[in-house]
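Chemist: Spelled out from the first residue to the last, the chains are:
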Amino acid sequence: ETGVTQTPRHLVMGMTNKKSLKCEQHLGHNAMYWYKQSAKKPLELMFVYSLEERVENNSVPSRFSPECPNSSHLFLHLHTLQPEDSALYLCASSPRTGGSTGELFFGEGSRLTVL
Amino acid sequence: SQQGEEDPQALSIQEGENATMNCSYKTSINNLQWYRQNSGRGLVHLILIRSNEREKHSGRLRVTLDTSKKSSSLLITASRAADTASYFCATGANNLFFGTGTRLTVIP
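Going line by line, the protein sequences match chains A and B. Its first residue numbered 1, the first sequence is counted upward by one per residue in my numbering. Its first residue numbered 1, the second sequence is counted upward by one per residue in my numbering.
It is possible that part of the hints are untrue.
As the list claims (entries may be wrong) - Within a straight-line C-alpha distance of at most 25 Å, the following computed DMTMM-like cross-link-like pairs (lysine to aspartate or glutamate) qualify:
# : chain 1 : residue 1 : chain 2 : residue 2
1 : B       : Lys26     : A       : Glu56
2 : A       : Lys40     : B       : Asp83
3 : A       : Lys18     : A       : Glu108
4 : A       : Lys41     : B       : Asp7
5 : A       : Lys41     : B       : Glu5
6 : B       : Lys26     : A       : Glu103
7 : B       : Lys26     : B       : Asp7
Claimed, not checked - What follows is a list of derived Cβ distance ranges for each label pair:
#  : chain 1 : residue 1 : chain 2 : residue 2 : range
8  : A       : Met15     : B       : Arg50     : 19 to 27 Å
9  : A       : Lys18     : B       : Ser51     : 43 to 51 Å
10 : B       : Arg41     : A       : Val55     : 21 to 29 Å
11 : A       : Thr16     : B       : Thr20     : 44 to 52 Å
12 : A       : Gly3      : B       : Thr67     : 26 to 34 Å
Claimed, not checked - Computed footprint of chain B on chain A, listed as stretches where at least three residues anywhere in the stretch have a Cβ under 8 Å from a Cβ of chain B:
#  : region
13 : 33–44
14 : 105–115
Don't read these hints as lab results, they were simulated from the structure. Ideal Cβ placement from N, Cα and C applies to all residues, glycine included.
Using the sequences and the hints given, assemble the complete structure.
Modeler: So this is what it looks like as structure tokens:
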């Protein structure tokens with residue numbers, strides 16, 4: 001148990017569906033992250049939120065829409081996805097001071113399959 | 001690219017042997033971190049080494065850092081079957097960037 005909880009753990013959706021991934025951290029951290037992990041590729045940093053403000057968006061397609069309502073919760077809203085978006089989506093949190101990142105605490109991931 | 005690159009991509013050893021994994025990176029760093037991932041699970045932080053440190057130990061783990069060569073190594077001594085996992089190095093100034101990892105298999 002890392003203190004970061006992701007739901008659902010598994011999700012299967014069609015290309016026209018709308019779904020959301022949820023992440024919750026109980027560690028008192030002020031930064032949260034979404035990473036995408038596809039087979040045989042480096043982890044891709046998708047979004048970074050620090051103190052509930054988005055500080056980084058690494059050119060992620062608009063079919064992925066993040067939301068950070070408070071420092072403990074992070075969502076990734078999904079709509080009109082493509083089969084190549086199938087991957088393990090990992091949420092992480094960390095203390096963040098002066099813009100630099102310390103140790104990341106990851107959730108167990110949400111395995112997404114797009115049909 | 002800010003990410004580290006791990007080498008080898010895969011490593012298979014017998015239980016009790018030592019496992020060494022390497023990481024190379026391209027940019028200046030404040031610190032370098034190593035993480036472990038069991039199949040299909042989240043990553044778990046193992047150790048952080050700062051740019052002014054050359055070696056760090058944690059249990060059976062030993063990490064070295066050579067900033068002149070922009071490289072780091074992770075040594076796992078007396079490996080166990082439970083060490084079977086993927087291992088990643090991570091670097092970056094403001095955010096952490098990961099490579100594709102080294103897949104370690106420890107055969108009982």
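Chemist: Run every hint past the structure and note whether it holds.
Modeler: Each hint tested on the structure:
1. B:Lys26 x A:Glu56: Status holds; Cα separation ~21 Å.
2. A:Lys40 x B:Asp83: Distance ~20 Å between lysine 40 (chain A) and aspartate 83 (chain B) Cα, so the pair holds.
3. A:Lys18 x A:Glu108: holds (22 Å)
4. A:Lys41 x B:Asp7: OK: lysine 41 (chain A) and aspartate 7 (chain B) at ~14 Å, within 25 Å.
5. A:Lys41 x B:Glu5: holds (11 Å)
6. B:Lys26 x A:Glu103: The given pair, whose Cα atoms are some 20 Å apart, holds under the 25 Å limit.
7. B:Lys26 x B:Asp7: Holds: lysine 26 (chain B) and aspartate 7 (chain B) sit about 15 Å apart, inside 25 Å.
8. A:Met15 x B:Arg50: 19 to 27 Å: Cβ of methionine 15 (chain A) to Cβ of arginine 50 (chain B): about 46 Å, so the range 19 to 27 Å is violated.
9. A:Lys18 x B:Ser51: 43 to 51 Å: holds (44 Å)
10. B:Arg41 x A:Val55: 21 to 29 Å: holds (27 Å)
11. A:Thr16 x B:Thr20: 44 to 52 Å: holds (48 Å)
12. A:Gly3 x B:Thr67: 26 to 34 Å: Since the Cβ atoms of glycine 3 (chain A) and threonine 67 (chain B) sit about 32 Å apart, the hinted range of 26 to 34 Å holds.
13. 33–44: Answer holds; 6 residues pass the 8 Å Cβ test.
14. 105–115: holds (count 6)
Violated hints amount to a single one, hint 8; each of the other numbered hints is respected by the structure.
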